[in-house]
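For the record, the sequence lines run as chains G and B.
Quick note: my numbering has the first sequence finishing at residue 159, numbered continuously throughout.
Quick note: my numbering has the second sequence finishing at residue 291, numbered continuously throughout.
You may find that some hints are simply not true.
Short derived list, chain B residues pointing at chain G, Cβ under 8 Å [stated by the list, open to error]:
| hint | residue |
| --- | --- |
| 1 | GLN2 |
| 2 | PRO4 |
| 3 | ALA8 |
| 4 | TYR9 |
| 5 | GLY35 |
| 6 | ALA103 |
| 7 | ASP104 |
| 8 | ASN109 |
| 9 | PHE110 |
By construction, these hints were calculated from the structure, which means they are not laboratory data.
Using N, Cα and C, we set each Cβ at its ideal position, and we do this for glycine too.
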Amino acid sequence: MQITVTVNGTAYTEEVEPRLLLVHFLRQTLGLTGTHWGCDTSNCGTCVVWFDGKPVKSCTMLAAMADGHEIRTVEGLERDGALDPVQQGFMECHGLQCGFCTPGMMMTARSLLDTNPDPSDDEIREAISGQLCRCTGYENIVRAVRWAAEHPAQEEVTT
Amino acid sequence: MQVPAPFAYERATSVEHAIELLSRHGPEARVVAGGHSLIPMMKLRLAQPDALIDINNLSDLSYIRVEGDQLLIGALTRHADLLDSAVAGEHFPIFRDAEQVIADPVVRNFGTVGGSLCQADPAEDLSAAFAAVGASVVARGPNGSRTIDVRQLHAGPYETVLEPNELLVEIRVPIRPGGGSAYEKVERRVGDYPVAAAGAVVWLDGDTVAEAGIGLTAVGAEHFAAPEAETALRGRPATDDSFAEAGRIAAQHCHPQPDQRGPAEYKRQLAVELTTRALRRATARARGQEA
Numbered sequence: 001m002q003i004t005v006t007v008n009g010t011a012y013t014e015e016v017e018p019r020l021l022l023v024h025f026l027r028q029t030l031g032l033t034g035t036h037w038g039c040d041t042s043n044c045g046t047c048v049v050w051f052d053g054k055p056v057k058s059c060t061m062l063a064a065m066a067d068g069h070e071i072r073t074v075e076g077l078e079r080d081g082a083l084d085p086v087q088q089g090f091m092e093c094h095g096l097q098c099g100f101c102t103p104g105m106m107m108t109a110r111s112l113l114d115t116n117p118d119p120s121d122d123e124i125r126e127a128i129s130g131q132l133c134r135c136t137g138y139e140n141i142v143r144a145v146r147w148a149a150e151h152p153a154q155e156e157v158t159t
Numbered sequence: 001m002q003v004p005a006p007f008a009y010e011r012a013t014s015v016e017h018a019i020e021l022l023s024r025h026g027p028e029a030r031v032v033a034g035g036h037s038l039i040p041m042m043k044l045r046l047a048q049p050d051a052l053i054d055i056n057n058l059s060d061l062s063y064i065r066v067e068g069d070q071l072l073i074g075a076l077t078r079h080a081d082l083l084d085s086a087v088a089g090e091h092f093p094i095f096r097d098a099e100q101v102i103a104d105p106v107v108r109n110f111g112t113v114g115g116s117l118c119q120a121d122p123a124e125d126l127s128a129a130f131a132a133v134g135a136s137v138v139a140r141g142p143n144g145s146r147t148i149d150v151r152q153l154h155a156g157p158y159e160t161v162l163e164p165n166e167l168l169v170e171i172r173v174p175i176r177p178g179g180g181s182a183y184e185k186v187e188r189r190v191g192d193y194p195v196a197a198a199g200a201v202v203w204l205d206g207d208t209v210a211e212a213g214i215g216l217t218a219v220g221a222e223h224f225a226a227p228e229a230e231t232a233l234r235g236r237p238a239t240d241d242s243f244a245e246a247g248r249i250a251a252q253h254c255h256p257q258p259d260q261r262g263p264a265e266y267k268r269q270l271a272v273e274l275t276t277r278a279l280r281r282a283t284a285r286a287r288g289q290e291a
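Okay, chain G solo, but in the shape it has when bound:
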């Protein structure tokens, strides 16, 4: 079947099998390997992307379900060559070690900060509660999201 999916602002029309999962469509069909594919059971959350503006687990969705919808992946966080504050925060606060969980963590964190620009540590922990990190523990990830909250991008300050 043919689907047209807008990913990070670009519309892609592709021929896919109905059983193709969204995560594999992004990684294999489009070559956007920033989105990671982990547990395959919607537990680990490394496959989180935005679907029409909300974070979802792309290993548990069909590419066909995204036909006509807008997807944003970790590749779409950077704007005009400038890292998103969430990406910068993960660098500043050592929010990653192996980096496997990072794309999903960052997509969820960006979504949280868009709706709640000054979250408490508890709110950050709740937001990422469906995502697993097996390296650093969660302390530095929470710090990284806090850092992003305290250093919003310039355009977000003025708008």
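Following the hints, put chain B in place on chain G, whose structure we already have.
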């Protein structure tokens, strides 16, 4: 890599179209909404439908509103929307309690209320919550609509009484003023199915329980309900002793199965304790002592 077996994919453009597609593809077709239970089962070949009828574009099935003395919830309502709904939370805090512990925030963005009920997982949370509050569901088929008591909806594990060409379109919850409700769950970790969980709704007549509803999940309660405990509680003083007795009666009628989440006796004890706690908190809310 876990990928579902091949299937035909159809996207419904209206409720009528979905019913037509279900009729055309027959009993081996399945409706997919959020897909957050069905797709993992398809990956494992625990489910292998010939066709999926995608209803995600039927946005007119996504709503939460009060009409007359009923709370109406569209089948395609996402878990996150039920959790965030002020009107649902005002009338039924049990839904807020339950939604806070259903899966995780990301899964709740796409999983649906109707899908959870139709999946009929024996450990599903909302089935117990809806059983407690005495909800009914509206199913639409080629010959029109029918209303089904939610306590009659589930025919067994992963099985409902819906016909292959019927679509669940709405959940209706009767609103009776003066009640309180609550949901109590024990899970091993965030996002897991419950080891056991109980929901309760209580209406008081002074210090007496006028009416109560009790729902249970993951402990083998028939139709996710505890009618014997409800009957025993009616007319009794609204005290911890009464609630604990109701919990014991509810647990006696459960048939918990030992599995990786715990042995049967542990689950039975949880049924006692969680029923007691849910009744206690529902009563505090009915009295306006707790939000």
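Checked hints:
{"no.": "1", "hint": "GLN2", "result": "holds, 5 Å"}
{"no.": "2", "hint": "PRO4", "result": "holds, 5 Å"}
{"no.": "3", "hint": "ALA8", "result": "holds, 7 Å"}
{"no.": "4", "hint": "TYR9", "result": "holds, 3 Å"}
{"no.": "5", "hint": "GLY35", "result": "holds, 6 Å"}
{"no.": "6", "hint": "ALA103", "result": "holds, 7 Å"}
{"no.": "7", "hint": "ASP104", "result": "holds, 3 Å"}
{"no.": "8", "hint": "ASN109", "result": "holds, 5 Å"}
{"no.": "9", "hint": "PHE110", "result": "holds, 5 Å"}
In this structure, none of the earlier numbered hints is contradicted; all agree with it.
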